[in-house]
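Protein chains in written order, with this note's numbering: chain A, 1 to 123; chain B, 1 to 123; chain C, 1 to 123; chain D, 1 to 123.
These aren't lab readings, by the way, just hints derived from the structure by calculation.
Remember, predicted model here, so these are calculated numbers, not experimental data.
Nothing false has been slipped in among the hints.
Listed next, the stretches of chain A that the computed footprint assigns to chain B, with coverage defined by at least 3 CB atoms under 8 Å from CB atoms of chain B:
1. 61-69
2. 102-116
Once the Cα atoms are required to be at most 25 Å apart in a straight line, the calculated PhoX-like pairs of lysine-lysine come out as:
3. Lys7/B to Lys41/A
4. Lys63/C to Lys54/D
5. Lys114/B to Lys114/C
6. Lys63/A to Lys54/B
7. Lys41/B to Lys54/C
8. Lys7/D to Lys7/C
9. Lys54/C to Lys63/B
10. Lys7/B to Lys54/C
11. Lys41/C to Lys54/D
12. Lys63/A to Lys41/A
13. Lys7/A to Lys7/D
14. Lys114/D to Lys114/C
15. Lys54/A to Lys41/D
16. Lys114/A to Lys114/D
17. Lys41/C to Lys7/D
18. Lys41/B to Lys63/B
19. Lys7/C to Lys41/B
20. Lys114/A to Lys114/B
21. Lys54/A to Lys7/D
22. Lys41/C to Lys63/C
23. Lys7/C to Lys54/D
24. Lys63/D to Lys54/A
25. Lys114/C to Lys114/A
26. Lys54/B to Lys41/A
27. Lys114/D to Lys114/B
28. Lys7/A to Lys54/B
29. Lys7/D to Lys63/D
30. Lys7/B to Lys7/A
31. Lys41/D to Lys7/A
32. Lys7/C to Lys7/B
No residue lacks a Cβ here, since even glycine has one placed at the ideal position from N, Cα and C.
Number of protein chains: 4
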Amino acid sequence: MTNIGRKTWAFAGGNIPLETRGPEPDYTSHERLSVLNPSSKSASLELTVFYEDKEPIGPYEIKIAAHRTKTFRFNDLIDPQAIPLETNYGIILVSNVPVVVQFGRLDSSSGEIKQQGFVPYSE
Amino acid sequence: MTNIGRKTWAFAGGNIPLETRGPEPDYTSHERLSVLNPSSKSASLELTVFYEDKEPIGPYEIKIAAHRTKTFRFNDLIDPQAIPLETNYGIILVSNVPVVVQFGRLDSSSGEIKQQGFVPYSE
Amino acid sequence: MTNIGRKTWAFAGGNIPLETRGPEPDYTSHERLSVLNPSSKSASLELTVFYEDKEPIGPYEIKIAAHRTKTFRFNDLIDPQAIPLETNYGIILVSNVPVVVQFGRLDSSSGEIKQQGFVPYSE
Amino acid sequence: MTNIGRKTWAFAGGNIPLETRGPEPDYTSHERLSVLNPSSKSASLELTVFYEDKEPIGPYEIKIAAHRTKTFRFNDLIDPQAIPLETNYGIILVSNVPVVVQFGRLDSSSGEIKQQGFVPYSE
Chain A
1 MTNIGRKTWA
11 FAGGNIPLET
21 RGPEPDYTSH
31 ERLSVLNPSS
41 KSASLELTVF
51 YEDKEPIGPY
61 EIKIAAHRTK
71 TFRFNDLIDP
81 QAIPLETNYG
91 IILVSNVPVV
101 VQFGRLDSSS
111 GEIKQQGFVP
121 YSE
Chain B
1 MTNIGRKTWA
11 FAGGNIPLET
21 RGPEPDYTSH
31 ERLSVLNPSS
41 KSASLELTVF
51 YEDKEPIGPY
61 EIKIAAHRTK
71 TFRFNDLIDP
81 QAIPLETNYG
91 IILVSNVPVV
101 VQFGRLDSSS
111 GEIKQQGFVP
121 YSE
Chain C
1 MTNIGRKTWA
11 FAGGNIPLET
21 RGPEPDYTSH
31 ERLSVLNPSS
41 KSASLELTVF
51 YEDKEPIGPY
61 EIKIAAHRTK
71 TFRFNDLIDP
81 QAIPLETNYG
91 IILVSNVPVV
101 VQFGRLDSSS
111 GEIKQQGFVP
121 YSE
Chain D
1 MTNIGRKTWA
11 FAGGNIPLET
21 RGPEPDYTSH
31 ERLSVLNPSS
41 KSASLELTVF
51 YEDKEPIGPY
61 EIKIAAHRTK
71 TFRFNDLIDP
81 QAIPLETNYG
91 IILVSNVPVV
101 VQFGRLDSSS
111 GEIKQQGFVP
121 YSE
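Could you build all of it, start to finish, from the sequences and the hints given here?
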């Protein structure tokens, strides 16, 4: 079971909503990634963020212990640089071991919560 | 037609909502898996649940008769252990025969029903 | 461009909502399949419907002209037999030429329209 | 990292909503594509639009600079011809370099915003 997953994942249509209505942090508008590391080794992920009008920024480094999941919000990535809100971006993620990834989005900007979830592109 | 599908499926971003508003069981907040077993043999599935901060738990065993579908809620899995609500989890599912899987989610916690559906990662 | 797509598609989590609120046919609760036939030959699709507690039913036959799309609702399939509402089902679709498929769902039962869309499993 | 992605993408179930409620352009009902070009070469995309009852129309040409993303609405494609609203369509996209694609949809026609996002079919 420890070899399940892929080392490379990507998505193209990121955009963190600017506004939030409702109690934080549950209702905070955000985009997030959930990563499952089924391997018996710690996973080291390197994310690169791509934009419409400037050079890619990265790597952002994320670690996930062996046999664990981790969910993190793109809103919270600050090193080397925060991702600006209401800005189109894309992500390429490269892991040292195979992992399984899921994208999530919560948009509370209209006062009503919208949720999305899907599996990004992998190879 | 009996060989359609994959033996290994996984998703990373599970989280069963804590609260429900509206009549049960239709409006009960839940996450679920639908499995189609097109093969002429009964399918035996073993699920392992991964968490952020503790060892994986499993296997959970699910059987699906030949040429049948089955839909079950993660809320209802209790053996070997219930999945705690409002807790991030991921799943790896291994079947003895190829199957086709779909993830579903219903969140009624805000009083308004949100639905999601997608195809998990497979290999 | 005429060879793009796959000949086998499947999904596991179908369930047509029973109730509709709002003007038909736009607001009619339904599940549907959209099929793109990029090939220069007419596509002949055979669908088999799988259930939780009875034998599969089919084939349902759908034709899509060369270089055309077709969108049909599962609600409207009646030959050899209508798909019962509020009943879990799964689909296997086999085409004579490669096609591209998308699943869609509209649920107006709560008075508010919910929409879903995703790409089914293919091989 | 420059070879990540696929050169061919497609989806079958396009349909741009006719009506918009709320301030434009943020609330304008639309369908869109986000493209990530991780390669070190400019990407040249050719889109062909397929319909239910007429010949395919195209190519629509889109360029994405090296190491950049681009998001465009199908509503805004006008050369060689605008895509009619409330009309079923499908897309085949061919790129000269591998790219990563995501489909998005916003429907404000009922006065309430519905959002969808998923990864199209690729090969």
